[in-house]
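Protein chains: 2
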Amino acid sequence: MRKFVAHRLKSLITSNPPHHQLSSSSTYYYTSRLARFLSSIASDPSSMASDQSTPPVTAASLNPKVLKCEYAVRGEIVSLAQKLQQDLQANPGSHPFEEIIYCNIGNPQSLGQQPITFFREVLALCDHPSILDRSETQGLFSADSIERAWQILDQIPGRATGAYSHSQGVKGLRDTIAAGIEARDGFPADPNDIFLTDGASPAVHMMMQLLIRSENDGIFCPIPQYPLYSASIALHGGTLVPYYLDEATGWGLEISELKKQLEAARQKGITVRALVVINPGNPTGQVLAEENQRDIVEFCKKEGLVLLADEVYQENIYVPEKQFHSFKKVARSMGYGDKDIPLVSFQSVSKGYYGECGKRGGYMEVTGFSPEVREQIYKVASVNLCSNISGQVLASLVMSPPKVGDESYESYSAEKDGILQSLARRAKTLEDALNSLEGVTCNKAEGAMYLFPRIILPNKAIKEAESLKKAPDAFYATRLLNATGIVVVPGSGFGQVPGTWHFRCTILPQEDKIPAIVSQLTEFHKKFMDEFRD
Amino acid sequence: MRKFVAHRLKSLITSNPPHHQLSSSSTYYYTSRLARFLSSIASDPSSMASDQSTPPVTAASLNPKVLKCEYAVRGEIVSLAQKLQQDLQANPGSHPFEEIIYCNIGNPQSLGQQPITFFREVLALCDHPSILDRSETQGLFSADSIERAWQILDQIPGRATGAYSHSQGVKGLRDTIAAGIEARDGFPADPNDIFLTDGASPAVHMMMQLLIRSENDGIFCPIPQYPLYSASIALHGGTLVPYYLDEATGWGLEISELKKQLEAARQKGITVRALVVINPGNPTGQVLAEENQRDIVEFCKKEGLVLLADEVYQENIYVPEKQFHSFKKVARSMGYGDKDIPLVSFQSVSKGYYGECGKRGGYMEVTGFSPEVREQIYKVASVNLCSNISGQVLASLVMSPPKVGDESYESYSAEKDGILQSLARRAKTLEDALNSLEGVTCNKAEGAMYLFPRIILPNKAIKEAESLKKAPDAFYATRLLNATGIVVVPGSGFGQVPGTWHFRCTILPQEDKIPAIVSQLTEFHKKFMDEFRD
Numbered sequence: 008m009r010k011f012v013a014h015r016l017k018s019l020i021t022s023n024p025p026h027h028q029l030s031s032s033s034t035y036y037y038t039s040r041l042a043r044f045l046s047s048i049a050s051d052p053s054s055m056a057s058d059q060s061t062p063p064v065t066a067a068s069l070n071p072k073v074l075k076c077e078y079a080v081r082g083e084i085v086s087l088a089q090k091l092q093q094d095l096q097a098n099p100g101s102h103p104f105e106e107i108i109y110c111n112i113g114n115p116q117s118l119g120q121q122p123i124t125f126f127r128e129v130l131a132l133c134d135h136p137s138i139l140d141r142s143e144t145q146g147l148f149s150a151d152s153i154e155r156a157w158q159i160l161d162q163i164p165g166r167a168t169g170a171y172s173h174s175q176g177v178k179g180l181r182d183t184i185a186a187g188i189e190a191r192d193g194f195p196a197d198p199n200d201i202f203l204t205d206g207a208s209p210a211v212h213m214m215m216q217l218l219i220r221s222e223n224d225g226i227f228c229p230i231p232q233y234p235l236y237s238a239s240i241a242l243h244g245g246t247l248v249p250y251y252l253d254e255a256t257g258w259g260l261e262i263s264e265l266k267k268q269l270e271a272a273r274q275k276g277i278t279v280r281a282l283v284v285i286n287p288g289n290p291t292g293q294v295l296a297e298e299n300q301r302d303i304v305e306f307c308k309k310e311g312l313v314l315l316a317d318e319v320y321q322e323n324i325y326v327p328e329k330q331f332h333s334f335k336k337v338a339r340s341m342g343y344g345d346k347d348i349p350l351v352s353f354q355s356v357s358k359g360y361y362g363e364c365g366k367r368g369g370y371m372e373v374t375g376f377s378p379e380v381r382e383q384i385y386k387v388a389s390v391n392l393c394s395n396i397s398g399q400v401l402a403s404l405v406m407s408p409p410k411v412g413d414e415s416y417e418s419y420s421a422e423k424d425g426i427l428q429s430l431a432r433r434a435k436t437l438e439d440a441l442n443s444l445e446g447v448t449c450n451k452a453e454g455a456m457y458l459f460p461r462i463i464l465p466n467k468a469i470k471e472a473e474s475l476k477k478a479p480d481a482f483y484a485t486r487l488l489n490a491t492g493i494v495v496v497p498g499s500g501f502g503q504v505p506g507t508w509h510f511r512c513t514i515l516p517q518e519d520k521i522p523a524i525v526s527q528l529t530e531f532h533k534k535f536m537d538e539f540r541d
Numbered sequence: 008m009r010k011f012v013a014h015r016l017k018s019l020i021t022s023n024p025p026h027h028q029l030s031s032s033s034t035y036y037y038t039s040r041l042a043r044f045l046s047s048i049a050s051d052p053s054s055m056a057s058d059q060s061t062p063p064v065t066a067a068s069l070n071p072k073v074l075k076c077e078y079a080v081r082g083e084i085v086s087l088a089q090k091l092q093q094d095l096q097a098n099p100g101s102h103p104f105e106e107i108i109y110c111n112i113g114n115p116q117s118l119g120q121q122p123i124t125f126f127r128e129v130l131a132l133c134d135h136p137s138i139l140d141r142s143e144t145q146g147l148f149s150a151d152s153i154e155r156a157w158q159i160l161d162q163i164p165g166r167a168t169g170a171y172s173h174s175q176g177v178k179g180l181r182d183t184i185a186a187g188i189e190a191r192d193g194f195p196a197d198p199n200d201i202f203l204t205d206g207a208s209p210a211v212h213m214m215m216q217l218l219i220r221s222e223n224d225g226i227f228c229p230i231p232q233y234p235l236y237s238a239s240i241a242l243h244g245g246t247l248v249p250y251y252l253d254e255a256t257g258w259g260l261e262i263s264e265l266k267k268q269l270e271a272a273r274q275k276g277i278t279v280r281a282l283v284v285i286n287p288g289n290p291t292g293q294v295l296a297e298e299n300q301r302d303i304v305e306f307c308k309k310e311g312l313v314l315l316a317d318e319v320y321q322e323n324i325y326v327p328e329k330q331f332h333s334f335k336k337v338a339r340s341m342g343y344g345d346k347d348i349p350l351v352s353f354q355s356v357s358k359g360y361y362g363e364c365g366k367r368g369g370y371m372e373v374t375g376f377s378p379e380v381r382e383q384i385y386k387v388a389s390v391n392l393c394s395n396i397s398g399q400v401l402a403s404l405v406m407s408p409p410k411v412g413d414e415s416y417e418s419y420s421a422e423k424d425g426i427l428q429s430l431a432r433r434a435k436t437l438e439d440a441l442n443s444l445e446g447v448t449c450n451k452a453e454g455a456m457y458l459f460p461r462i463i464l465p466n467k468a469i470k471e472a473e474s475l476k477k478a479p480d481a482f483y484a485t486r487l488l489n490a491t492g493i494v495v496v497p498g499s500g501f502g503q504v505p506g507t508w509h510f511r512c513t514i515l516p517q518e519d520k521i522p523a524i525v526s527q528l529t530e531f532h533k534k535f536m537d538e539f540r541d
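Top line first, the protein sequences correspond to chains P and E. Residue numbers for the first sequence, in our numbering: 8 to 541. Residue numbers for the second sequence, in our numbering: 8 to 541.
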């Protein structure tokens, strides 16, 4: 029996490829995973059975890349939150809070944000086109939503919204998106470069699948990063090569850091294939300066890296001094054409002011690859046939919203501005509140949907966490959840400079709830510090 | 320069794992792929550049698993069809046919099948719930669609159809689906076993990702098979272990064949992890007898295999003597409970009488795994956050359609029966037509959406194909397309007994087009045989 456990552990442990390094905080991570694994096999007698009666599939006999993958934004802390929520439903009053406030994930409509009316009108009409020429429809839907639905239906072969489309998405919708990109950037965009996807995540997976051959292939990722990247790299068996954002300069992306880490990775025998840049930053909220973006483009060009530009928060900018510039616009404005630099831009309908996460729409704009590489990208896209048509329609709508003069323009603008202005106020209020806490510093959320405060935890708290085999920030986040119902994600899920501790908190709770959140957080933090202050 | 090409070829060729074997027809396949690759690098001067100016990513430097993957139903023949379609648009009359008839893929609505009204009503209302209590809505939508939309909205936390759901899908929708499975099977189903997915394809990929550790892990697949399986196994780096369906007994699945192939695979050092069964069959159209299913369950139990049951055509049965039985029902009726046999059933909204391919809805019902394995499945699901909510809603609708007494029941039944009865007639007409052709034999389509006729090709045709570096059936299919505009998929894309040739043709063109298709096909085949008859 001991031999069997040893075997299973070995297979779990060797799943950690030699070159993987996130930060020393990942030690906590794996320790905690190992502890959970050991306790799971101890508590499950069937998994300790002799080989004869071992079930065909055990956790230890799964793909080790899957075992290695972690996805913090839906990890342990969310499972605990779901349990507490069930407790509250079964026994109201069983916890010192009335509801769970999910600040773990950028999911605006789950917290009460209302969808943009025009977008939903068009989606409904495309779902049920047979009402388009009914007289009642005129009374229920805006004139421009009816007109847009007709336009979209005419772009879909046979008006068949229930048919698989071209594997890159409906050509007419890609035309609309390309026109939207051109209007945004002032440079041409080609509909044949657009691959519509079920949200940005499958697009990221697709690029990782194409680029990663083995653990000797590295993908350059910011630390802190959005855990989709570490998860996808792990699932595809590559190595995450970290570059650290500089918290002291507002999560600055320094070219010297890129050079240093690239050199270090190459010395370890890693072929670094691509650079991931998340702009505006997730979880860090910074918006890159155009000058900085030029340096990044130049660096990728010089070092032969694919630039993977996560630009899903392009509409979420909250400070007047910053603007979004797509990497493609920056590269083109530097004189680099389509043949000069391989560049993939990811966009999603889940973010922006629309926040349509449940629709799973998005696209990637793929430029700078040879026709043979493009053929391979197309092939991978075709294996999943196509992305969902409603998501495709919505992706075309967010890139081509109502214009001045359209019937919906005024209400659309009011809805959009209302959401973005409120998000900016929420970001500022939460940032100020966090900065007023003992031992907490928080950079401004210039964009995106998150704050990523640093907490200087007392040694006593760190020791307590260690004794519980938890990362100190996971310990803090668990305590916060148990005390207030507020769900945040520990910084160790995103990566951070070793020895520093953070958490990610969305700015998405509805504005009338923010004061209560601030006071609960403040009260909790004070008590926590009182309990553990050195 | 020669050295560079040699290097690229080597990396392409070694991407072919040692144990992979489909049939000798795959030789044609790879030969043709190699030929295309060679011609592509010959015609692209940039890819022949010196190492200094080599672009960061070339086809040869992509993940070899991706290079190896093929997906015939959207492969070369479809690219040719798209080109011909563009020709026809630009120059009507440029080809000896007026339109391209896509019989390559099960995409009913692309060929004119109308969606089920009730389903679309509910989808539209869920997309734009603010019209639910408007008086005009009563005139536009059926009463039960309004009622159902309210029910569904009440199942979604915060009625937020634009929010990410639980990673397995909205709990209330899973309750509905589980109830539908119970009603179908007469055995309990647990909503916690349901994982909603963007169509069945991502679910299949998910299971492959979990089960395949290396090329030494094998997945047992029928030959002929739906190429999603070979593509997914290639992408995940495993080995497809074939078992041949017996064409002579109507594509019978023989346990003796399973035993023989399992033994052969094991002798090669392959760990066979799972058995894929497609029932009703794709591309083969057979419906398994319950007795046969029992033997398959017993075989999986004895040999320790996960049973992956592709049951997406469960509503597509065209012969009165056959019925669909889910493998879960069969296993439970044999007395095997949830702990006894790991079993995954795949279902999709793309097939059945609804054919809602563009909605990308589906689910897998996962039973018989330990909690630790389930946790890993959940984790992989969570990395993509959730499937699209419209697809989730639709999956709940197809498992819980209108009932006797509901306002929509009569029209719903008429739509459903009309589609299924017409499909049965189309299957029969096409089957008879194929069987009347010289050298063609075609088994009955008892279910699914395809016919998979065998063609005895004259030696002269085979030689001509070889000289063009094409599989003989691909040669036939290309000739058919160029002569008639009818797109079918060569049998070599699905696998077949070496030396036999087939093609897959859907039964989906609208019924009024079938006579013309039959006469075009007949005329083409006669001419083809006249040209090549030995």
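No wet-lab data here; the hints were simulated from the structure. Heads up, some of the hints might be wrong.
Which copy? The list can't say, so a pair holds if one copy fits it or any two copies do.
To be verified - Cut-off 35 angstroms, straight-line C-alpha distance, at most; resulting in silico cross-link-like pairs (DSBU-like, lysine-lysine):
hint: 1; residue 1: LYS423; residue 2: LYS309
hint: 2; residue 1: LYS329; residue 2: LYS470
hint: 3; residue 1: LYS520; residue 2: LYS308
hint: 4; residue 1: LYS75; residue 2: LYS520
hint: 5; residue 1: LYS435; residue 2: LYS275
hint: 6; residue 1: LYS309; residue 2: LYS90
hint: 7; residue 1: LYS90; residue 2: LYS266
hint: 8; residue 1: LYS309; residue 2: LYS329
hint: 9; residue 1: LYS267; residue 2: LYS423
hint: 10; residue 1: LYS309; residue 2: LYS534
hint: 11; residue 1: LYS533; residue 2: LYS476
hint: 12; residue 1: LYS533; residue 2: LYS308
hint: 13; residue 1: LYS534; residue 2: LYS90
hint: 14; residue 1: LYS470; residue 2: LYS336
hint: 15; residue 1: LYS75; residue 2: LYS410
hint: 16; residue 1: LYS267; residue 2: LYS533
hint: 17; residue 1: LYS329; residue 2: LYS266
hint: 18; residue 1: LYS308; residue 2: LYS534
hint: 19; residue 1: LYS336; residue 2: LYS476
hint: 20; residue 1: LYS423; residue 2: LYS410
hint: 21; residue 1: LYS90; residue 2: LYS386
Here the structure is a predicted model, which means the values were calculated and not measured.
Hint-by-hint comparison with the structure:
In this homomeric assembly, LYS423 and LYS309 never come within 35 angstroms of each other (Cα to Cα): the closest approach is 40 angstroms inside a single copy and 60 angstroms across copies. Taking the shortest alpha-carbon separations for LYS329 and LYS470, neither the intra-copy value of 41 angstroms nor the inter-copy value of 66 angstroms comes in at or below 35 angstroms. For a Cα distance limit of 35 angstroms, the shortest separation of LYS520 from LYS308 qualifies neither inside one copy, at 46 angstroms, nor across copies, at 54 angstroms. When the C-alpha separation of LYS75 and LYS520 is checked against a cutoff of 35 angstroms, the pair qualifies neither within a copy, at 37 angstroms, nor between copies, at 53 angstroms.
Within a single copy, LYS435 and LYS275 get their C-alpha atoms no closer than 43 angstroms, and across copies no closer than 64 angstroms, so neither meets the 35 angstroms cut-off. For a Cα distance limit of 35 angstroms, the shortest separation of LYS309 from LYS90 qualifies neither inside one copy, at 50 angstroms, nor across copies, at 38 angstroms. Within a single copy, LYS90 and LYS266 get their C-alpha atoms no closer than 45 angstroms, and across copies no closer than 46 angstroms, so neither meets the 35 angstroms cut-off. Only within a single protomer do LYS309 and LYS329 lie at most 35 angstroms apart by alpha-carbon distance; the minimum there is 27 angstroms, versus 65 angstroms between protomers.
When the C-alpha separation of LYS267 and LYS423 is checked against a cutoff of 35 angstroms, the pair qualifies neither within a copy, at 42 angstroms, nor between copies, at 64 angstroms. For a Cα distance limit of 35 angstroms, the shortest separation of LYS309 from LYS534 qualifies neither inside one copy, at 52 angstroms, nor across copies, at 59 angstroms. Taking the shortest Cα distances, LYS533 and LYS476 sit within 35 angstroms of each other inside one copy (24 angstroms), while across copies they are farther apart (75 angstroms). In the homo-oligomer, the alpha carbons of LYS533 and LYS308 never lie at most 35 angstroms apart, since the shortest distance is 49 angstroms inside one protomer and 58 angstroms across protomers.
In this assembly of identical chains, LYS534 and LYS90 lie within 35 angstroms of each other by CA distance solely inside one copy; the values are 24 angstroms within and 69 angstroms between copies. Taking the closest pair of Cα atoms, LYS470 and LYS336 never come within 35 angstroms of each other, the shortest separation being 49 angstroms inside a single copy and 53 angstroms across copies. For the identical chains of this complex, LYS75 and LYS410 are neighbours neither inside a copy (48 angstroms) nor across copies (47 angstroms), given an alpha-carbon limit of 35 angstroms. In this homomeric assembly, LYS267 and LYS533 never come within 35 angstroms of each other (Cα to Cα): the closest approach is 40 angstroms inside a single copy and 69 angstroms across copies.
In this assembly of identical chains, LYS329 and LYS266 lie within 35 angstroms of each other by CA distance solely inside one copy; the values are 26 angstroms within and 66 angstroms between copies. For the homomeric pair LYS308 and LYS534, neither the shortest alpha-carbon distance inside one copy (51 angstroms) nor that between copies (56 angstroms) is at most 35 angstroms. Taking CA atoms no more than 35 angstroms apart as the test, LYS336 paired with LYS476 passes in neither setting, with 47 angstroms inside one copy and 44 angstroms between copies. Taking CA atoms no more than 35 angstroms apart as the test, LYS423 paired with LYS410 passes inside one copy only; the shortest distance there is 13 angstroms, against 42 angstroms between copies.
Taking identical chains as interchangeable, the C-alpha atoms of LYS90 and LYS386 lie at most 35 angstroms apart only when they sit on different chains, with a minimum of 17 angstroms there against 42 angstroms within one chain.
Taken one by one, the earlier hints fail for this structure at numbers 1, 2, 3, 4, 5, 6, 7, 9, 10, 12, 14, 15, 16, 18 and 19, listed in ascending order.
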